[in-house]
Structures are given as structure tokens and as C-alpha cells.
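Chains as they are written, first to last, in the numbering used here: chain A, 28 to 149; chain B, 5 to 393.
To be clear, the hints were calculated from the coordinates, so they are not data collected in a lab. Just so you know, even glycine gets a beta-carbon here, dropped at the ideal spot from N, CA and C. Any given hint could be a false lead.
The following label-pair restraints were derived from C-beta to C-beta distances [stated by the list, open to error]:
#1 A:Q139 with B:A198: 34 to 42 Å
#2 B:P175 with A:H69: 31 to 39 Å
#3 A:P87 with B:A198: 20 to 28 Å
#4 B:Q148 with A:Q139: 21 to 29 Å
#5 A:Q139 with B:A256: 20 to 28 Å
#6 B:A256 with A:T46: 32 to 40 Å
#7 B:L121 with A:S142: 39 to 47 Å
#8 B:L147 with A:T46: 56 to 64 Å
#9 B:G227 with A:Q139: 23 to 31 Å
#10 A:T46 with B:R209: 19 to 27 Å
#11 B:Q197 with A:G52: 48 to 56 Å
#12 A:Q139 with B:L147: 32 to 40 Å
Residues from chain B that keep clear of chain A, each with C-beta distances beyond 12 Å, as calculated [stated by the list, open to error]:
#13 R173
#14 P175
#15 T177
#16 V179
#17 G181
#18 L188
#19 L219
#20 E237
Here are a few chain B residues that face chain A, going by a calculated C-beta distance under 8 Å [to be verified]:
#21 D162
#22 F164
#23 T167
#24 L176
#25 Q180
#26 L185
#27 M187
#28 H210
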Amino acid sequence: MAKVLVADDSETILLLLQTRLEMEGYEVETANDGQEVMDAMHAAAEGATPDLLLLDAMMPRKSGIEALRELRAEGVETPALIVSAHQDAGDADSATELEVSGYVTKPIDFDQLFSSIKQLTS
Amino acid sequence: MLTGLAVIGVGRFLQQRQDFENATARSYQLEIQARNRLARGAHPEAARAAILTQQHKRQKLRDDISGQTRDTALLVGAGLIAGLTGAALLFSGLIASMRRPLEELVEASGRLAGGDLEARVQVGGLAETAALGTAFNEMAAELQRRAGERDQLETMKDEFVVTASHELRSPLTSVQGFAELLMLERDKLTPRQADTLEIILDNTRHLVRLLNDLLDLARSDAGRLTIKPVPTEVAPLVAEVVRTMRGQTEAAEQVLVEDVAGGLPPLRVDPDRIRQVLLNLLTNAHEYCPERASIRVSAQQIGAEVEVSVKDDGPGIPAGQLEHIFERFTRGDAGLTQRVGGTGLGLAISKSLVELHGGTIGAESVPGEGSTFRITLPTEAAVVPAEAT
Numbered sequence: 028m029a030k031v032l033v034a035d036d037s038e039t040i041l042l043l044l045q046t047r048l049e050m051e052g053y054e055v056e057t058a059n060d061g062q063e064v065m066d067a068m069h070a071a072a073e074g075a076t077p078d079l080l081l082l083d084a085m086m087p088r089k090s091g092i093e094a095l096r097e098l099r100a101e102g103v104e105t106p107a108l109i110v111s112a113h114q115d116a117g118d119a120d121s122a123t124e125l126e127v128s129g130y131v132t133k134p135i136d137f138d139q140l141f142s143s144i145k146q147l148t149s
Numbered sequence: 005m006l007t008g009l010a011v012i013g014v015g016r017f018l019q020q021r022q023d024f025e026n027a028t029a030r031s032y033q034l035e036i037q038a039r040n041r042l043a044r045g046a047h048p049e050a051a052r053a054a055i056l057t058q059q060h061k062r063q064k065l066r067d068d069i070s071g072q073t074r075d076t077a078l079l080v081g082a083g084l085i086a087g088l089t090g091a092a093l094l095f096s097g098l099i100a101s102m103r104r105p106l107e108e109l110v111e112a113s114g115r116l117a118g119g120d121l122e123a124r125v126q127v128g129g130l131a132e133t134a135a136l137g138t139a140f141n142e143m144a145a146e147l148q149r150r151a152g153e154r155d156q157l158e159t160m161k162d163e164f165v166v167t168a169s170h171e172l173r174s175p176l177t178s179v180q181g182f183a184e185l186l187m188l189e190r191d192k193l194t195p196r197q198a199d200t201l202e203i204i205l206d207n208t209r210h211l212v213r214l215l216n217d218l219l220d221l222a223r224s225d226a227g228r229l230t231i232k233p234v235p236t237e238v239a240p241l242v243a244e245v246v247r248t249m250r251g252q253t254e255a256a257e258q259v260l261v262e263d264v265a266g267g268l269p270p271l272r273v274d275p276d277r278i279r280q281v282l283l284n285l286l287t288n289a290h291e292y293c294p295e296r297a298s299i300r301v302s303a304q305q306i307g308a309e310v311e312v313s314v315k316d317d318g319p320g321i322p323a324g325q326l327e328h329i330f331e332r333f334t335r336g337d338a339g340l341t342q343r344v345g346g347t348g349l350g351l352a353i354s355k356s357l358v359e360l361h362g363g364t365i366g367a368e369s370v371p372g373e374g375s376t377f378r379i380t381l382p383t384e385a386a387v388v389p390a391e392a393t
């Protein structure tokens, strides 16, 4: 089953995402901020890198957007979904530049989220 | 100075008159003495001559005084005319020096009233108009300062709403998310626990709706409510909204009728936002109408626009409430709102959104018979040529 790297600075939201994703049968790795996302990506062995990134847009230390920008600069092409509290986080410029596959708005519509993830990981 | 001449003239006239009267009185006195001498028979020839002399003298005095009076009157008249002319000249000068600043004041007041808070006048002219100008400028500066403060407060309020709505979203995501998680195991809950959970979820959704509405309104106030108009077909949009509502209306045994005219031109709208407006109108009709009510969504072309209306045969809206219905936090009858889950913001947002599209929104209602909400939306054909020019 596909592996998803989930990053959020809120422990409860991280737990919620992890639980729901695991119930759907995904393998989940978690990170508390963008720096941990970078570390996890760098530490992952060849062929064991996540199939999808689910990143909170705003996190202390390093945001999901910043982490994604650095990863794209390193040539990482893993599809990414950005989670944001904003209703219209869909900023067209960064979507193109950072190859963002989609935006997820809080509170999360899980049916919609799962259908996006299914599409991106199949 | 010329007026002074007139005053001098009048003074001289009065003096001449006094001299004339004194001389006349003296002449009469001399004539009477002469007549007494004549009556006594003393030097009658001399007395008669004296009487004639005095009569002649008075005649001369009278001639003199009328001549003098005429001269003085001429002098006084000339003085007065000269004085008046001078005064008039002085006055027209005065008016001219007042008119410019006053005209400027009128013009600046007009600009200020029209919202140009930069409007000021040049202070000048007479002391009075200068004072008026200074007062006006002080007032305008104060208005501008207060408007600045108000704008700052508005901005702070909008930022606060955006931040608050943002910050509330994370805990709300957790509450809703974990409640949904629990709901996934509904079969393991007692019916009472399931009902309780249902209530938690209902209220969470209501909170989310409220947050979204508040955010939309704050954006609208800050002029940051944006739309992305694209060519949009009416029928599929209406069909989608009706499909979304079908479950709720069927649960209430309400009849939901879709009546879209054929061959409607494509709209020039942001489909997400118009869907939001139509959902709001249909949700209102559904929530305010009793069971078995009928709700009809129609669309037809009117001139260069398309009118979409939502008509119900519910309780209607009293005239007093109808005029405030598009204001925020205005809701229908309090007795009804007990079971109605609205935020009181939906119609205010719908109005902002429709107007942002260049359309109109309106409501009519007959209490006891039902209500009709109409929106008009621009069509692609009507908008494109306008943009091309």
C-alpha cells in the first residue's frame, strides 16, 4: 500500500490524519514541521520514499510550502497536497511553481481527501 | 470723505436757516416799531419808508435763503450721490473680495460631501472669509483624520476576523474529525450515544458554516472577496444545486421543482460562488418552509441577463422584515429560527457575491402565500463585447 508522509504542527490533527489514513490502509509517516519533512525525505532509503506528501501550509520552523520549495529544488518529484486553514489557499502561482497537486481546506472533508490521495497514488 | 461733504452741507443748511429766521424776526421787529411811530404820528414819512425797507429786506432775505437752500441741497445731493457711489464701489469691491473665497468654499464643501477628504480652500480675502476658510480646513482635516482612524479600525476588524477564523479552524478540524471517526464506529454505539454524536457533528458543521460566512463577509468588507468569472451553463449548475438539496427536501417531504428554460445563453460567472448563492437560497426555502411545501427553481432569459428565481409557498416574510432581509444577522421569525440552522449571514453574502458579478438580488413575499427570491446574472454575450471595447 502507498506510503504517505503527513506533516502538521498540531499533534491532534496529526493523530486524526494518521488514524484515518491507516484505517484506509495507507502506511503513514509523521512530521511536526517542514524541517522534519526534509529530514525524513533525506533519511528515506532508495525506493522507500513516500508516495505522497500531505503538508500543512503553516508550520513553525519551516512551513510546508518552504519544505516543498526546497524539495522541488533538490529534484524531488513526489506529489504533494497542501493542507491550509484558508478557504482559498489555492494560490495559482505557487501551485504551478511548486507542482502542488491539490489543496485541502480545514476542516478536512475526508471523502474528498481520500479520493484525491487515491488518484495521486495509483 | 464724500459722505462727509453731505454732512457739512446739511450743517451749513441748518445754519443758514437759523440766520434767515433771526434776520426775518429782527426785520419784523423793526417794522412794528416803525408802525408804532406811524400810529403815534411821529415822522410819518420816515416811518412809512422804514416799513417798506423792512418789507423789502425780508423779501430779499427770502430770495437769498431759497437760493442758498437750493445750493446747499445741490451740495448735499451731490455729496450724497458721491457718497453712495463711493459706498457702492466700496461694496462691490467688498463683495468681489468675498465672492472668490465663498465660491471656493462652496466648491470645496461639495467635494468634501462627495467624499474627497483632501478638499481644502485657500485661506485669504477679508478677515471674515479667511476665518471661514481656516475653520473649513480644520473641519476637513478632522474629518480626514477620523476617516483614517475608522479605516484603520475596519482593517483591524477584518484582520481579526480572518485570524480568528483561521485559528479556530484547527481545533474545529479536530472536533469534527474525531467525531466523524467515532461515527465510523456507529454500530458499536448505543442509539443514545449515536444521537449525541449526531448533535455534536451538526453543531460542528454549523460552526464551520458560521466561520466561512464570517470570513466571506470580512473579505467582502475589505474588498477582498474575489470571483473568477468563466463561461458557465445555467442548467447543469441549477441541476447540481438541486441534486445537493434533494436529500434534505425529500426528508421534509417538500416538492423541489426544477424549471430551467431551454436555450439559455451561458453565464459569465464564478460557478463556485453562484452555486453558493443558489444553495443559500434553496437552503433558506427548505428551512423556513413547513413539510410538504413546494419549492421551485426557475431560470429564464430577461433581456441580456438570465434570471434565476427560487419560489416557495411557505409562510412568507412580513413586509417589515422583508426590507432588512439582506442585512447581516437578520433572520426570519424567531420562533422559526429555533429549528433553522442558518447563520443570519447567508443572504448578506449572497447579495455581496451577486453584486460582485454585476447582477442584482431581490425578494418579494406575501405572508401566508410564500416568497420569491430572484437573482439576475450577466451572460457571456453581454459581458464579452463590453470587455472588448
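How the hints compare with the structure:
1. A:Q139 with B:A198: 34 to 42 Å: The hint (34 to 42 Å, Cβ to Cβ) is violated, given that Q139 (chain A) and A198 (chain B) are roughly 24 Å apart.
2. B:P175 with A:H69: 31 to 39 Å: holds (32 Å)
3. A:P87 with B:A198: 20 to 28 Å: Violated, at about 38 Å.
4. B:Q148 with A:Q139: 21 to 29 Å: The hint (21 to 29 Å, Cβ to Cβ) is violated, given that Q148 (chain B) and Q139 (chain A) are roughly 49 Å apart.
5. A:Q139 with B:A256: 20 to 28 Å: Cβ of Q139 (chain A) to Cβ of A256 (chain B): about 26 Å, so the range 20 to 28 Å holds.
6. B:A256 with A:T46: 32 to 40 Å: holds (35 Å)
7. B:L121 with A:S142: 39 to 47 Å: violated (53 Å)
8. B:L147 with A:T46: 56 to 64 Å: Hint holds: Cβ distance 58 Å, inside 56 to 64 Å.
9. B:G227 with A:Q139: 23 to 31 Å: Because 30 Å falls inside the window, the suggested range holds.
10. A:T46 with B:R209: 19 to 27 Å: holds (20 Å)
11. B:Q197 with A:G52: 48 to 56 Å: With Cβ atoms ~27 Å apart, the hint is violated.
12. A:Q139 with B:L147: 32 to 40 Å: Violated, at about 50 Å.
13. R173: Non-interface label fails for R173 (chain B): nearest chain A Cβ at 4 Å, not farther than 12 Å.
14. P175: Contrary to the label, P175 (chain B) does not stay out of reach of chain A, its closest Cβ about 8 Å off (not over 12 Å).
15. T177: violated (4 Å)
16. V179: violated (8 Å)
17. G181: violated (4 Å)
18. L188: violated (7 Å)
19. L219: violated (6 Å)
20. E237: holds (23 Å)
21. D162: Violated: closest Cβ of chain A sits about 14 Å from D162 (chain B), beyond 8 Å.
22. F164: At 15 Å from the nearest chain A Cβ, F164 (chain B) fails the 8 Å test, so the hint is violated.
23. T167: Cβ of T167 (chain B) sits 10 Å from chain A, so the hint is violated.
24. L176: This interface hint holds because 5 Å falls under the 8 Å limit.
25. Q180: Hint on Q180 (chain B): holds, closest Cβ of chain A at ~5 Å, below 8 Å.
26. L185: holds (6 Å)
27. M187: violated (11 Å)
28. H210: It is violated, given that the least Cβ distance between H210 (chain B) and chain A is near 12 Å, above 8 Å.
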